[in-house]
Amino acid sequence: YEPYQRLVHPADSRFDGLPDPGLSLAPGLHPGRMEARTLSQKSPGVYLIKDFLSMDECNLLKGIAGWLESVEENGMTRRWVPFDVEVNNSKVSSIVKRMHRAALIPETHGEPMQIGNYKPGARAQSLH
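Per the numbering used here, the sequence shown starts with residue 9, numbered consecutively.
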């Protein structure tokens, strides 16, 4: 097997390239528009996928964030979505699956979904 994310597992064709534009899109999104555009090739790379979330999905995540415990660091408020919400809420589950496919990471190797927001002037810190 080829090493992937410091893990060794069999190759999985579901994560070989970006997801098929017609799969796992929420109603109201435009299947042909889910192409990634490179915004930065610096490490880590930054990509934009237009229409990745619908307005209803954004509102759902904002609603969920309202009742989650939060941690504030460096001008960012971060919340972790509990595993049972990721699994038992069909809309959240669909979003999580789409995120894993776009990030090329099998669901079994991911972390819990995080919802974050930044204060004005704050920015993301690199993980590297």
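Note that these hints are calculated values from the structure, not bench results.
Errors might be hidden in some of the hints.
To be verified - For lysine-lysine, the following DSSO-like pairs were computed, each having C-alpha atoms within a straight-line distance of at most 30 Å:
| no. | residue 1 | residue 2 |
| --- | --- | --- |
| 1 | Lys-70 | Lys-127 |
| 2 | Lys-99 | Lys-58 |
| 3 | Lys-105 | Lys-127 |
| 4 | Lys-105 | Lys-50 |
Pair hint outcome, Lys-99 versus Lys-58 [Cα-Cα no greater than 30 Å]: holds (19 Å)
Pair hint Lys-70 and Lys-127, alpha-carbon separation not exceeding 30 Å: holds (16 Å)
Straight-line alpha-carbon gap Lys-105 to Lys-50, limit 30 Å: holds (26 Å)
Holds or violated: Lys-105 to Lys-127, with C-alpha atoms at most 30 Å apart: holds (28 Å)
Comparing the model with each numbered hint stated earlier shows that all of them hold.
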